[in-house]
Amino acid sequence: MLVLLFILFGGLAIGCALAVVAQRNPLYSAISLVGVFISLACLYVMLAAPFIAAVQVIVYAGAIMVLVVFVIMLLNVEEEERGRGRLKFLVPTAIALAAILIAEVAFILVTVQEFRVSPATGVGLTHSIGSQLFTRYLLPFEITSILLLMAIVGAMTLARRGGLLSPNARVIPGVTTLPRSLVDPKAAPDDLRAVEADSTGGAARLLGLTDLRSQAKREES
Amino acid sequence: MDTAIDIVLKFVAISVAFVVVLLVVAYTVLAERRVLGFIQGRLGPNRVGYGGILQPFADLLKFILKEDIVPDKSTRFIYFLAPVIATMAALMTMIVYPFGPDIRIPFTSITIPLTIARLDIGLLYVLGITSIGVYGIMLAGWSSNNKYSLMGGLRSSAQMISYELALGLSLIGAILLAGTLDLGQVVEQQSGWHGLRWLIFFQPLGFIIYMISAIAETNRVPFDLPEAETELVAGFHTEYSAMKFALFFLAEYINMFTVAMLATTLFLGGWNMPFAESLFGRGTFLFGLVSALGFLLKVVLILFLYIWLRGTLPRFRFDQLMNFGWKILLPLALLNIFLTATAIFLFPNFF
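Just so you know, the sequences run in chain order C and D.
Position 48, counted from 1, in the first sequence is what this note's numbering calls 48; the numbers after and before it change by one each time, with no gaps.
Position 60, counted from 1, in the second sequence is what this note's numbering calls 281; the numbers after and before it change by one each time, with no gaps.
These are computed hints drawn from the structure, not numbers from a lab.
Being a predicted model, the structure only gives us computed values, none of them experimental.
Please note that a few of the clues may not be correct.
Claimed, not checked - Ranges of calculated distance between the beta carbons of each label pair, as one might list FRET restraints: (1) D:Leu556 with C:Ala17: 36 to 44 angstroms; (2) C:Thr144 with D:Leu510: 46 to 54 angstroms; (3) D:Ile226 with C:Ala155: 47 to 55 angstroms.
Claimed, not checked - Which stretches of chain D does chain C cover? Using the computed rule of at least three CB atoms under 8 angstroms from a CB of chain C, they are: (4) 333-346; (5) 359-369.
All C-beta atoms in this analysis are idealised placements derived from N, C-alpha and C, irrespective of residue type, glycine included.
Sequences are here, hints too, so could you generate the full structure?
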């Protein structure tokens, strides 16, 4: 029974992983990746680690991949054309790396004769993970959270740099389209300062830029 | 051999639970139409059967017999997959809820647990499966090749990601008090005070945040922006017809039902009815029956609250929705966790 389930979910994981690489349409690749995550979660459940399985589904399938699919849908990425000349060296590299990986697995299968199955210790249960995480592995846990915080701050900084406007400036989407030279951080003046204004036009006047809309028109023509 | 019997029994239990849930869902739809009719001063469907009691079956028949229209330029495979994902994810959460205590069949010594599966990670399972459900709506919006559908899909994914955070965080206070993620144990712990030691009395703020974000998670009024009729025709299911539309419809109502069950389980004491234990004694058939009916009653009351809200409130604007979720609900949920943790730290014996 367990072997059958293992073959089912393992096969599903491998099939979905192949589909991630093989699909031309990025959305299909993303959905296949969701399939990989879900089959991996099923394998975790079979390894008596339900907590890790649940976290796998919630974090990867439920949050990260939703964002990826969201971006693909938002940008409406077209299907990749077949046979682009760019990045050709990647194909042999990928084959070489895959060969190394398969060789490693084969090596393990050949050398390790005896598979020892440790008795179920409740390692994957909520209680044991929680107590270990907050006692023995507290420092790595906290360092990881600081890493995540840094990533958030970094993303915020990158997103803010583009905008010349203060957080209080209310920009109504669709009313004014900012020309690329204005939102490009390189095009911003050196003495970048935050201003407070009620509208895009007001902010532009405070910043000493001429009316953004007329500038945008000039950019276009 | 025993495992085979076990598997068959589980299948029977799952089928029974699904049939019961689908029946309740079908009559929720009818109740919604009748109650909305009452609120808006009209009759609602009352012609099929006595007082419209057969209306759900008539609707079902209509859905099956309607022509199934598939848009030419749609992405076929995903277009068919999307309603299946939505319905399956909605139904899958059903197996972890404790519908009642262990019930003993009269004149025999056989006891049946009224839970299909007791999982150590029950609550996380529910949250995980719910987070899969958003793919159904997103992919439906994308694969229909229609700009209204796409807008609906995008809105719904943004909305569900945002409110999932507040929803998950609002549950942490209750989980801190219960000390377990197993929904069965959470209910057992609320059986003190003659069956009235409900977590809502310790977690009023958490309950309110949960209810609001649950409405947003299920895309109901006043947060039904993914299918805002006045702006997006019908949102993500504009291009769906016949049974595929019915599946989305079904998924929405099952989701309503599951969030109502989760609220009941975590905050309203699950199947604990006041004084049921002292009246009937634990483990008797009557106790089991009264408890299971009490669970259903609480769920139905929450469903009625949903319908009431739908008849009362206007729809949010999208930026208001986002601001409300991120700037009000999320900080409040964090505050709730902070207060609960502090209270547990200061009075460890009280809880």
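Right, here's what the structure says about each hint:
1. D:Leu556 with C:Ala17: 36 to 44 angstroms: Holds - the Cβ-Cβ distance for Leu556 (chain D) and Ala17 (chain C), about 42 angstroms, lies within 36 to 44 angstroms.
2. C:Thr144 with D:Leu510: 46 to 54 angstroms: The hinted range 46 to 54 angstroms holds for Thr144 (chain C) and Leu510 (chain D), with Cβ atoms some 49 angstroms apart.
3. D:Ile226 with C:Ala155: 47 to 55 angstroms: holds (54 angstroms)
4. 333-346: holds (count 5)
5. 359-369: holds (count 4)
Of the numbered hints stated above, none is contradicted by the structure.
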